[in-house]
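Colleague: Read off the chains here:
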Amino acid sequence: MSGLASYVVRRVGIGILALAGAVCVVFLMTHILPGNPAAVRLGATAREETLRRVEHEMGLDKPLILQFADYLGKLSRGDLGHSWITRQPVLDDLARRLPATAELVLLAGILATIVGVSVGLLAAAFHNSWLDVLIRTWATVGASMPVFWFAILVIYVFYYRLGWVASPMGRLDVSVTAVSRVTGFLVADSLLTRNWDALGNSLAHLVLPVLTLAFMISAPIVKMVRGKVLDVLKSDFVRTVRSVGVTQQEILFRDALRNALVPVVTIVGIMFGYTMASNVVVEMIFAWPGIGYYAWQALLNKDLEAIQGFVLAIAAMYITLNLVIDILYTIIDPRVRLT
Amino acid sequence: MEAVGEVEGLLSRAPESRLSRSVLLLRRHPQLGAGLAILVALVTTLALAQVLVPYDPLRGDSSTVLEPPSQAHPLGTDSFGRDILSRIAQGAWLDLPIAFTTVAIAITLGLLIGALAGYTGGLVDMVVMRATDILMAFPSFILAMVMVAVLGNSVPTVVIAIAVSFVPDFIRLARGEVLSERELEYVDAARCAGNSEWRIMYIQLLPNCLTPVLVHGTLCLAWAILDVAGLAFLGIGITPPTPEWGVLVSEGVRHTISGDWWVSLFPGATILLAALGFNLVGDSLRDITAREERGQ
Amino acid sequence: MRNSATLLEVVDVDVSFKTVLGPLRVLDKVSLKVEQGEIVGLVGESGSGKSLTGLTIMRLLPPQAVTDAGIIRFRGVDLLGLSEREMRRIRGSGVAMIFQGIRTGLNPLMRIGDQVARVYRVQQGLSSKDAYEKGIESLQQVAIPRAEAWARAYPHQLSGGMCQRVLIAMVLACKPDLLIADEPTTGLDVTIQAQILELIKEIRLKIGASIVLITHDLGIVAETCERVVVIYAGQVMETGTVSSLFAEPLHPYTQSLLGSVLRVDRAVALTDGPGTITEEVSFRTGGCRFAARCPVALPQCWHERPLWRELEPGHGVACHRQV
Numbered sequence: 001m002s003g004l005a006s007y008v009v010r011r012v013g014i015g016i017l018a019l020a021g022a023v024c025v026v027f028l029m030t031h032i033l034p035g036n037p038a039a040v041r042l043g044a045t046a047r048e049e050t051l052r053r054v055e056h057e058m059g060l061d062k063p064l065i066l067q068f069a070d071y072l073g074k075l076s077r078g079d080l081g082h083s084w085i086t087r088q089p090v091l092d093d094l095a096r097r098l099p100a101t102a103e104l105v106l107l108a109g110i111l112a113t114i115v116g117v118s119v120g121l122l123a124a125a126f127h128n129s130w131l132d133v134l135i136r137t138w139a140t141v142g143a144s145m146p147v148f149w150f151a152i153l154v155i156y157v158f159y160y161r162l163g164w165v166a167s168p169m170g171r172l173d174v175s176v177t178a179v180s181r182v183t184g185f186l187v188a189d190s191l192l193t194r195n196w197d198a199l200g201n202s203l204a205h206l207v208l209p210v211l212t213l214a215f216m217i218s219a220p221i222v223k224m225v226r227g228k229v230l231d232v233l234k235s236d237f238v239r240t241v242r243s244v245g246v247t248q249q250e251i252l253f254r255d256a257l258r259n260a261l262v263p264v265v266t267i268v269g270i271m272f273g274y275t276m277a278s279n280v281v282v283e284m285i286f287a288w289p290g291i292g293y294y295a296w297q298a299l300l301n302k303d304l305e306a307i308q309g310f311v312l313a314i315a316a317m318y319i320t321l322n323l324v325i326d327i328l329y330t331i332i333d334p335r336v337r338l339t
Numbered sequence: 001m002e003a004v005g006e007v008e009g010l011l012s013r014a015p016e017s018r019l020s021r022s023v024l025l026l027r028r029h030p031q032l033g034a035g036l037a038i039l040v041a042l043v044t045t046l047a048l049a050q051v052l053v054p055y056d057p058l059r060g061d062s063s064t065v066l067e068p069p070s071q072a073h074p075l076g077t078d079s080f081g082r083d084i085l086s087r088i089a090q091g092a093w094l095d096l097p098i099a100f101t102t103v104a105i106a107i108t109l110g111l112l113i114g115a116l117a118g119y120t121g122g123l124v125d126m127v128v129m130r131a132t133d134i135l136m137a138f139p140s141f142i143l144a145m146v147m148v149a150v151l152g153n154s155v156p157t158v159v160i161a162i163a164v165s166f167v168p169d170f171i172r173l174a175r176g177e178v179l180s181e182r183e184l185e186y187v188d189a190a191r192c193a194g195n196s197e198w199r200i201m202y203i204q205l206l207p208n209c210l211t212p213v214l215v216h217g218t219l220c221l222a223w224a225i226l227d228v229a230g231l232a233f234l235g236i237g238i239t240p241p242t243p244e245w246g247v248l249v250s251e252g253v254r255h256t257i258s259g260d261w262w263v264s265l266f267p268g269a270t271i272l273l274a275a276l277g278f279n280l281v282g283d284s285l286r287d288i289t290a291r292e293e294r295g296q
Numbered sequence: 001m002r003n004s005a006t007l008l009e010v011v012d013v014d015v016s017f018k019t020v021l022g023p024l025r026v027l028d029k030v031s032l033k034v035e036q037g038e039i040v041g042l043v044g045e046s047g048s049g050k051s052l053t054g055l056t057i058m059r060l061l062p063p064q065a066v067t068d069a070g071i072i073r074f075r076g077v078d079l080l081g082l083s084e085r086e087m088r089r090i091r092g093s094g095v096a097m098i099f100q101g102i103r104t105g106l107n108p109l110m111r112i113g114d115q116v117a118r119v120y121r122v123q124q125g126l127s128s129k130d131a132y133e134k135g136i137e138s139l140q141q142v143a144i145p146r147a148e149a150w151a152r153a154y155p156h157q158l159s160g161g162m163c164q165r166v167l168i169a170m171v172l173a174c175k176p177d178l179l180i181a182d183e184p185t186t187g188l189d190v191t192i193q194a195q196i197l198e199l200i201k202e203i204r205l206k207i208g209a210s211i212v213l214i215t216h217d218l219g220i221v222a223e224t225c226e227r228v229v230v231i232y233a234g235q236v237m238e239t240g241t242v243s244s245l246f247a248e249p250l251h252p253y254t255q256s257l258l259g260s261v262l263r264v265d266r267a268v269a270l271t272d273g274p275g276t277i278t279e280e281v282s283f284r285t286g287g288c289r290f291a292a293r294c295p296v297a298l299p300q301c302w303h304e305r306p307l308w309r310e311l312e313p314g315h316g317v318a319c320h321r322q323v
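Residue numbers (our numbering), protein chains in the order written: chain A, 1 to 339; chain B, 1 to 296; chain C, 1 to 323.
To be clear, the hints were calculated from the coordinates, so they are not data collected in a lab. Since the structure is predicted, the reported quantities are computational estimates derived from the model, not experimental observations. Where hints are given, some of them may not hold.
Stated by the list, open to error - One side only, chain A facing chain B, incomplete, derived with CB under 10 Å:
(1) 149
(2) 178
(3) 182
(4) 298
(5) 299
(6) 311
To be verified - In the DSS-like style, the derived pairs of lysine-lysine whose C-alpha atoms are separated by at most 27 Å in a straight line are:
(7) C:134 with C:175
(8) C:29 with C:206
(9) C:33 with A:234
(10) A:62 with A:74
(11) C:175 with A:234
(12) C:134 with C:33
C-beta: ideal position from N, C-alpha, C; glycine also.
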């Protein structure tokens with residue numbers, strides 16, 4: 001078996017193990033930590049018999065091992081449990097809400113990457129100039145910014161004061177004709193079905209949440225790109241290339257960018273976690289019907305099965321993403337060729 | 001280039017007095033000065049707030065509801081007529097100690113476990129590393145969110161939840177340091193001199209971690225403040241009427257949408273400033289210690 | 001056949017570094033000459049400023065360095081007066097430099113064939129295909145076996161010696177009139193060192209380049225160079241032909257480098273100075289910077305910079321003792 005193939009197999013194996021571990025942790029979190037889930041659901045004033053009944057329904061009166069076995073059994077059948085708020089299977093809930101989150105996160109991610117890389121490159125190219133200081137300040141402020149406060153600020157300025165965007169409630173005004181669901185992405189779907197009203201309206205609703213999320217994500221990207229590009233510009237091989245007469249411009253775009261971006265790829269995994277965390281808050285503020293909002297509701301209402309499902313989904317996405325990144329990395333960095 | 005490095009290496013040796021070394025440090029790292037200045041200004045303002053603007057942060061006055069910033073109320077009042085500056089100052093007594101406690105717990109646990117894993121090796125190490133890996137598969141904020149939701153809303157649960165989300169990094173840090181020092185000769189020497197394994201682990205090896213722990217710990221302080229406030233804003237952990245900064249922001253949301261912007265703005269700005277201060281200090285500490293490692 | 005036109009003339013060049021403590025003079029009135037077709041050795045300890053001299057000629061100093069004074073005449077033109085764009089045209093085809101740090105001098109993410117080809121593209125404006133072919137030729141010229149196959153390799157797959165050859169190939173592609181080689185053999189095995197030095201001498205033959213060989217190793221100087229410039233703490237101490245300098249070193253520093261005794265009647269050892277060379281640089285811009293370590297220093301050595309004297313044609317020294 002070739003080096004790459006065996007690495008992939010090994011890496012996928014580790015990924016599966018990680019997933020298994022995540023499953024255990026998720027189960028433990030909701031079953032072992034002090035507090036009776038049934039009591040949590042029913043509140044402090046529940047009567048003894050109701051408590052006992054719900055405990056039985058939830059399977060809490062069985063020994064822990066059996067509960068875990070049940071859980072595993074259900075998982076293997078793709079059953080993530082049932083939300084007691086929506087009364088639907090958690091998996092269905094998540095699947096239905098995923099496109100909303102995906103649309104938001106993807107747009108924000110792309111925007112943040114384009115802006116972040118460009119700005120980081122700019123800062124490094126004009127190292128120690130006022131532009132560099134400004135950009136560095138932006139990055140540090142962005143990293144210190146409470147996302148919920150920023151969102152409120154942005155709503156106040158652009159919606160309340162300037163009226164440039166739609167109201168921060170959901171993805172589409174009620175007055176607009178509904179969009180038939182093809183991909184679940186409103187922008188794509190309204191384009192495909194030529195629903196121009198919906199296109200404009202959904203974009204108007206997307207602007208603020210995407211900007212907010214993109215701002216948060218861009219800060220660490222700017223910092224990292226700037227740092228890596230500066231490292232490359234100071235490196236010996238750039239000195240070599242400069243001494244044979246290559247222009248600074250070519251050095252920036254061919255050597256600096258390429259060599260800097262390779263290690264930046266490795267932080268995509270961490271950025272995912274950071275993005276999802278910010279996303280929960282963003283969805284909550286903008287009443288965005290995605291999985292973040294769902295998770296928030298579940299947390300407030302102690303909907304344990306929904307919480308479990310959500311966390312497991314996030315962990316699964318994170319592990320898969322890291323897996324893909326690791327494998328991709330061996331392809332793009334020739335030094336990491338494995339025997 | 002080594003030529004440049006030699007020149008810079010000179011500078012570390014030149015000034016003799018303590019004072020001029022500190023001044024030199026601040027001049028080379030303006031971020032450090034800026035961060036410290038922000039933190040000092042923040043703490044001073046909030047400490048003096050009770051003296052300058054002596055309102056009871058918990059009791060409302062229905063005659064002064066939702067007043068914009070004025071001389072009597074520099075930061076305005078909220079929907080219960082409570083002075084916002086006083087509320088923020090009161091909140092500082094919650095947010096800052098929580099942040100420090102959280103980080104202190106995370107460091108303590110992380111170093112203990114990490115050093116043990118690194119020093120002992122073998123099965124213990126493997127178990128700890130796998131557990132850490134799995135824990136790191138969850139974004140830290142989301143992990144904290146879930147823990148608080150399950151454990152219940154209270155200050156101790158928030159502290160524990162956030163501390164737990166920080167622990168893996170410190171475990172890795174401690175383990176790394178111990179692993180690289182473990183094989184060195186002074187460890188053997190210490191063993192021959194009769195030191196117990198525990199003593200070697202914790203008293204001889206751990207102090208090497210001090211610098212990276214300081215750097216990462218300062219940054220964690222910033223994250224702790226943001227996390228606590230974030231959770232509180234979502235209604236998880238600390239809830240109204242406790243005047244925690246995140247709670248204050250959430251109390252002001254509906255007023256902001258209707259034009260009374262000051263209710264959310266100032267508490268949020270405080271969170272930003274506090275996090276900014278710690279981030280600036282942490283970043284500059286990282287730069288300074290990286291320089292020292294390079295022998296400059 | 002040597003044409004004795006002066007190719008490079010460095011005259012009284014001062015370079016200082018801007019630091020938080022104030023300006024640090026790292027090159028103090030440095031002067032040297034390179035005739036057409038010569039190999040000149042620039043010798044000094046680490047920290048002597050020999051690398052910085054090379055960088056100054058190439059105008060590749062870091063941003064915190066400032067060239068305060070002096071002239072660097074190359075083919076009659078003062079390089080210090082050129083704009084960056086004009087200098088860029090001189091780099092490569094006029095003056096080229098091989099740096100210390102062998103493997104790190106190559107881009108780890110690019111195949112070596114592409115890296116050499118790039119030089120042809122930039123210098124001669126060739127198309128990608130032509131540039132790549134010429135690149136392979138260059139690799140063959142520096143004795144890299146199976147050049148076509150190795151051209152597809154990445155730097156981390158090459159040995160140190162091969163990396164150095166690739167760097168030399170890149171420089172060859174520029175066809176420079178003057179080549180500055182900074183410690184081209186440091187870190188290599190002795191046998192490889194010899195090969196690289198042979199290669200460098202061949203460069204002079206093949207493309208008629210003059211060479212400045214920067215090194216701390218007098219052995220290399222003896223084998224390879226025709227003339228030597230001795231530098232200490234940013235000040236040039238002595239210059240001369242290899243034969244006359246090695247036979248009769250005039251400066252106390254040169255003498256200590258060559259391990260010879262100053263005067264037969266007074267066998268004096270080198271005194272212990274304040275540690276390293278860099279401390280000399282920081283604290284005194286007055287007299288001769290070797291004074292602290294000089295066994296025969298006179299009182300005026302500390303305050304008065306000795307004047308340059310040519311005691312024999314082609315053999316000059318700056319020392320109060322040589323009057």
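Colleague: Run every hint past the structure and note whether it holds.
Modeller: Going down the list of hints, with the structure as the test:
1. The criterion of a C-beta within 10 Å of any C-beta in chain B is met by residue 149 of chain A, whose closest approach is roughly 3 Å, and the hint holds.
2. Interface hint at residue 178 of chain A: violated, since its Cβ lies 26 Å from the closest Cβ of chain B, which is beyond the 10 Å cut-off.
3. Taking 10 Å as the C-beta contact cut-off toward chain B, the hint placing residue 182 of chain A at the interface is violated, the least distance being around 30 Å.
4. With its C-beta approaching chain B no nearer than about 8 Å, residue 298 of chain A sits inside the 10 Å limit, and its interface hint holds.
5. For residue 299 of chain A, the shortest C-beta to C-beta distance to chain B is roughly 4 Å, which falls under 10 Å, so the interface hint holds.
6. Interface restraint check for residue 311 of chain A: the shortest CB-CB distance to chain B comes to about 6 Å, inside 10 Å, so the restraint holds.
7. Proximity of residue 134 of chain C to residue 175 of chain C is assessed by CA-CA distance (about 13 Å); at most 27 Å being required, the pair is judged to hold.
8. For the hint pairing residue 29 of chain C with residue 206 of chain C, the CA-to-CA distance comes to about 34 Å; that exceeds 27 Å, so the pair is violated.
9. Only pairs whose Cα atoms come within 27 Å are accepted, and residue 33 of chain C paired with residue 234 of chain A is rejected, the gap being roughly 30 Å.
10. Distance restraint check for residue 62 of chain A and residue 74 of chain A: the Cα-Cα separation of roughly 16 Å lies within the 27 Å cut-off, and the hinted pair is therefore satisfied.
11. Taken as a hint, the residue 175 of chain C and residue 234 of chain A pair is honoured in the structure, with Cα atoms around 26 Å apart against an allowance of 27 Å.
12. Taken as a hint, the residue 134 of chain C and residue 33 of chain C pair is broken in the structure, with Cα atoms around 33 Å apart against an allowance of 27 Å.
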